[in-house]
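Given these sequences and hints, build the entire structure.
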Amino acid sequence: MSEGDPRRPIGRFRFMDEQRVNLDGFAVEDAALGLMAFASPADPAPSLVISDGRVTEMDSRAAADFDLLDAFIAAHGLDLTVAVEAMGVPDLAFARMIVDPGVPRSEIVRLASGMTPAKLACVLTLLRPAELTLAMTKCRARRTPSNQAHVTNRSDDPLLLAADAATAAAFGFREIETTVPVLGDAPSNAIAVSIGAAVGSPGILVQCSVEEALELEMGMRGLVSYAETVSLYGTEQIFIDGDDTPWSKAFLTSAYASRGIKMRVTSGGGAEALMGSAEGCSMFYLEARCVALARAIGSQGVQNGGIDSASVAGAVPGGVRSLMAENLMVMVRNLEACTGNDALMSESDVRRTSRTHPIFIGGSDFICSGFGSIQRYDNMFGPSQWNSEDIDDFLAMQRDWGVDAGLRTAAEPHVAALRERAVAAVRDVYRILGLGDFTDAWAAQAVDAAGSKDVPDADLMTPLWASRLIRDTNITMIDVIRALDEAGYEVEAERMLQMLHARVHGDYLQTAAIFNEEMDILSLVTDPNDYSGPGTGYEPTPQRQREIDAIRQQRSVDDLRAQQQEHSSSTLRATGPAERRDDPRDVVIGVSPAAGRAIWQTLSGLTVDDALDELLAGLEEEGCVGRVVRINDTIDLGLIGLTAARLSGSGIGVGLQAKGTALIHRRDLSPLANLELYSVAPSLSRESYRQLGVNAGRHAKGATPEPERNPYSDDAIEARYHTTVVSLVAIERQWCDPTAGPEEMEVVRS
Amino acid sequence: MTRAKSGRPVDDITLDAVRGGDVSVDDIRIDPSTLEHQAEVAASHGNPQLAANFRRAAELSVLPDDLVLAIYEALRPRRSTGVQLEQIARDLEARDAPLNAALVREAAQAYLARGLLA
Numbered sequence: 001m002s003e004g005d006p007r008r009p010i011g012r013f014r015f016m017d018e019q020r021v022n023l024d025g026f027a028v029e030d031a032a033l034g035l036m037a038f039a040s041p042a043d044p045a046p047s048l049v050i051s052d053g054r055v056t057e058m059d060s061r062a063a064a065d066f067d068l069l070d071a072f073i074a075a076h077g078l079d080l081t082v083a084v085e086a087m088g089v090p091d092l093a094f095a096r097m098i099v100d101p102g103v104p105r106s107e108i109v110r111l112a113s114g115m116t117p118a119k120l121a122c123v124l125t126l127l128r129p130a131e132l133t134l135a136m137t138k139c140r141a142r143r144t145p146s147n148q149a150h151v152t153n154r155s156d157d158p159l160l161l162a163a164d165a166a167t168a169a170a171f172g173f174r175e176i177e178t179t180v181p182v183l184g185d186a187p188s189n190a191i192a193v194s195i196g197a198a199v200g201s202p203g204i205l206v207q208c209s210v211e212e213a214l215e216l217e218m219g220m221r222g223l224v225s226y227a228e229t230v231s232l233y234g235t236e237q238i239f240i241d242g243d244d245t246p247w248s249k250a251f252l253t254s255a256y257a258s259r260g261i262k263m264r265v266t267s268g269g270g271a272e273a274l275m276g277s278a279e280g281c282s283m284f285y286l287e288a289r290c291v292a293l294a295r296a297i298g299s300q301g302v303q304n305g306g307i308d309s310a311s312v313a314g315a316v317p318g319g320v321r322s323l324m325a326e327n328l329m330v331m332v333r334n335l336e337a338c339t340g341n342d343a344l345m346s347e348s349d350v351r352r353t354s355r356t357h358p359i360f361i362g363g364s365d366f367i368c369s370g371f372g373s374i375q376r377y378d379n380m381f382g383p384s385q386w387n388s389e390d391i392d393d394f395l396a397m398q399r400d401w402g403v404d405a406g407l408r409t410a411a412e413p414h415v416a417a418l419r420e421r422a423v424a425a426v427r428d429v430y431r432i433l434g435l436g437d438f439t440d441a442w443a444a445q446a447v448d449a450a451g452s453k454d455v456p457d458a459d460l461m462t463p464l465w466a467s468r469l470i471r472d473t474n475i476t477m478i479d480v481i482r483a484l485d486e487a488g489y490e491v492e493a494e495r496m497l498q499m500l501h502a503r504v505h506g507d508y509l510q511t512a513a514i515f516n517e518e519m520d521i522l523s524l525v526t527d528p529n530d531y532s533g534p535g536t537g538y539e540p541t542p543q544r545q546r547e548i549d550a551i552r553q554q555r556s557v558d559d560l561r562a563q564q565q566e567h568s569s570s571t572l573r574a575t576g577p578a579e580r581r582d583d584p585r586d587v588v589i590g591v592s593p594a595a596g597r598a599i600w601q602t603l604s605g606l607t608v609d610d611a612l613d614e615l616l617a618g619l620e621e622e623g624c625v626g627r628v629v630r631i632n633d634t635i636d637l638g639l640i641g642l643t644a645a646r647l648s649g650s651g652i653g654v655g656l657q658a659k660g661t662a663l664i665h666r667r668d669l670s671p672l673a674n675l676e677l678y679s680v681a682p683s684l685s686r687e688s689y690r691q692l693g694v695n696a697g698r699h700a701k702g703a704t705p706e707p708e709r710n711p712y713s714d715d716a717i718e719a720r721y722h723t724t725v726v727s728l729v730a731i732e733r734q735w736c737d738p739t740a741g742p743e744e745m746e747v748v749r750s
Numbered sequence: 001m002t003r004a005k006s007g008r009p010v011d012d013i014t015l016d017a018v019r020g021g022d023v024s025v026d027d028i029r030i031d032p033s034t035l036e037h038q039a040e041v042a043a044s045h046g047n048p049q050l051a052a053n054f055r056r057a058a059e060l061s062v063l064p065d066d067l068v069l070a071i072y073e074a075l076r077p078r079r080s081t082g083v084q085l086e087q088i089a090r091d092l093e094a095r096d097a098p099l100n101a102a103l104v105r106e107a108a109q110a111y112l113a114r115g116l117l118a
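Note that the protein sequences, when read in sequence, are chains S and Z. Letter by letter, the first sequence follows residues 1 to 750 of the numbering used here. Letter by letter, the second sequence follows residues 1 to 118 of the numbering used here.
Keep in mind the hints are simulated off the structure, nothing from the lab. Mixed in with the good hints, there may be bad ones.
[What the hints assert, rightly or not] Okay, the calculated beta carbon distance ranges per label pair:
no., chain 1, residue 1, chain 2, residue 2, range
1, Z, ARG90, S, ALA213, 20 to 26 Å
2, Z, ASP22, S, ALA75, 42 to 48 Å
3, Z, ALA102, S, ALA42, 29 to 35 Å
4, S, LEU92, Z, GLY7, 54 to 60 Å
5, S, SER348, Z, THR14, 49 to 55 Å
6, S, ASP440, Z, SER24, 35 to 41 Å
7, S, ASP558, Z, THR14, 44 to 50 Å
8, S, LEU33, Z, THR2, 49 to 55 Å
9, S, ALA213, Z, GLY7, 25 to 31 Å
10, S, HIS414, Z, SER24, 34 to 40 Å
11, Z, ARG90, S, GLY280, 37 to 43 Å
12, S, THR81, Z, GLY21, 49 to 55 Å
13, Z, ASP22, S, TYR377, 41 to 47 Å
14, S, GLY488, Z, SER24, 23 to 29 Å
For each residue, glycine too, the CB sits at the ideal point set by N, CA and C.
Below, the structure written as structure tokens:
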């Protein structure tokens with residue numbers, strides 16, 4: 001719509017329409033299409049009838065009418081010894097028990113094990129967001145929270161995969177999920193990521209997400225240490241479209257355990273609506289069926305909370321809330337919760353942060369079921385809710401709230417060394433096993449790369465050939481470990497061997513198991529969540545708290561002092577006590593106590609000397625004579641300016657703080673009144689100081705110059721500079737001496 | 001002390017053994033008795049379904065990879081006739097895997113009811 005068109009919205013709405021949130025789709029609730037978060041009219045009323053130890057009716061459906069999901073849940077999913085008691089607990093009473101810190105988690109999971117999908121859906125629908133958050137803190141299986149990363153790239157480059165896996169480990173992720181744009185590359189990716197992870201840390205679990213049967217086959221060869229892409233759906237039609245049944249999934253679940261491989265299933269609200277067969281039910285009820293089924297087939301955990309369909313849930317009222325309620329349902333069913341925050345659900349940074357935040361502060365077994373630790377364009381699952389550009393944001397948020405969301409800061413030299421080692425290790429292993437050769441240029445690019453676009457030398461055929469050889473020659477992880485050891489990576493070889501030992505021990509098959517860096521297992525069994533109100537439950541160890549707090553960007557006064565020292569000069573020299581002069585052209589520039597003594601650089605990056613040069617030049621342009629005086633007894637800019645004005649023959653003074661803030665003052669004014677104030681020191685330029693000098697000169701001559709406007713900025717100037725200001729003020733305070741008078745300063749040019 | 005499926009103690013599976021070419025696939029496979037132990041742990045931590053899974057897994061742990069993959073494939077929708085599923089169940093029974101045999105028979109019944117047999 002062009003200008004002059006009567007239908008053209010007003011400027012305020014044209015402006016609002018341009019915001020990124022309006023790229024998101026928002027759907028009108030439509031129960032028939034499954035576009036409803038909670039409580040669709042078609043959701044069945046909870047019910048359970050048991051006769052002769054068998055379920056004859058569940059959620060308003062008779063056994064004869066059970067679909068595949070009903071049949072499996074009824075046969076395996078419910079603890080019939082508590083079912084009558086559990087189904088008799090009123091919804092609201094159980095909702096309150098879930099939130100009540102005085103009711104132990106064990107009692108919640110005991111009763112939930114006898115509740116049908118519809119019953120648990122009705123209960124959790126009653127919880128408000130803050131209640132969901134508290135319930136998560138209480139009900140998750142593992143005491144210690146954790147996080148999972150995606151590590152993939154567009155070219156399946158083994159060197160970059162290894163470097164990025166080591167990087168993810170350095171930042172604290174305890175599980176790494178990879179996948180492939182080219183299916184045939186899967187074995188190569190699994191090996192490269194496993195080696196990279198072992199370089200980064202002991203005990204990282206690695207999976208390669210591909211089609212069910214191929215994923216199992218890779219697990220059997222020892223190429224991966226866990227599996228997650230075992231999808232469940234909430235309607236029979238979609239389940240069958242996914243080429244599985246509850247029985248085939250149950251068998252698959254046992255197949256993984258039979259090889260000592262950890263496994264969890266995947267589901268998520270909105271998937272059925274997205275695939276066009278929600279049977280008119282709400283997303284939350286269908287997910288309640290998935291979670292009940294996950295428990296029924298014997299999976300230790302669930303990845304849910306939308307996942308690929310998170311944006312479908314996000315499109316309807318209450319949808320984001322339902323994603324979190326899904327996660328809580330997993331916890332209440334006594335399963336490991338890998339709580340989504342996976343596929344990007346919004347174009348808006350505000351909305352995606354809002355979606356994650358309650359889970360972030362509540363804590364979960366895995367906050368993200370796939371934090372994109374790599375570039376968005378390299379994420380072969382599609383961009384994540386959180387991506388490599390957000391790692392520092394995430395770390396800052398952990399520090400802000402004092403919570404452990406699984407990540408830790410990492411210093412650049414440390415990560416650089418890990419990436420170099422990971423790349424070299426994969427290169428050596430591939431050479432020894434005859435899987436491929438890599439050029440020096442390729443390796444160097446992979447070490448340095450922020451993403452695969454920075455690795456133009458990567459050869460796309462290498463992973464494909466390597467994968468073919470791995471399959472054809474039956475290479476297993478034992479061969480990889482031997483090659484790694486042969487190439488001199490004994491530590492990493494030992495770490496990878498430990499992961500094979502883990503399969504034999506089987507302890508990490510238990511609910512919510514991860515390894516810490518000491519190779520201890522943290523799980524429902526070894527690290528059970530014991531939250532029962534303030535002062536209980538997970539608390540970071542002092543060492544972990546330091547990791548959370550000591551982000552690499554933090555600075556102390558000492559850091560700032562050292563940084564100022566780099567700009568030190570001896571331009572300003574005190575020559576004796578300053579005196580008042582009578583010359584009407586005399587304008588005193590008063591500088592703060594630390595200027596030119598401990599602070600040499602202003603917030604804009606200009607030096608104090610630069611600012612003084614321009615002020616003096618501006619005064620000279622107006623035929624005035626500038627004189628520099630250090631005011632020792634105050635750090636207040638108004639008083640500095642006023643003191644300068646009272647010493648000056650013209651009665652006009654300029655005040656300049658070492659951080660760059662400046663003003664023009666007159667001898668007859670009160671300290672807080674002034675003629676012109678340049679308050680936004682970070683935005684001041686040479687031209688600003690020149691103009692300030694000119695205006696001070698004009699005031700000295702009795703004229704009324706047009707005040708200089710403070711430079712305008714969109715930036716969060718205060719966020720950027722306030723910590724520095726606090727330190728600079730502290731330094732000024734140290735140099736301030738209330739008993740010392742003003743000193744005449746000589747500006748010595750070398 | 002945990003033993004691998006090969007019977008070898010897990011502590012014997014050292015880097016030295018790998019170097020010497022003295023580690024077989026069965027040395028890094030979980031033993032059925034270990035899975036039975038894990039089943040007991042799961043049952044005592046409020047998850048009898050996880051325990052049941054580990055017990056089915058114990059039965060499968062001694063079967064060859066190809067057979068396990070083939071049974072999974074046969075259980076997918078419209079892959080098998082009722083007769084074929086019954087044959088698999090009998091074969092599993094013969095291999096001392098009654099829990100999995102029961103699962104396959106239950107599937108056959110459900111697939112018949114919902115029209116998912118081949």
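Okay, which hints does this one fail, numbers in order? none
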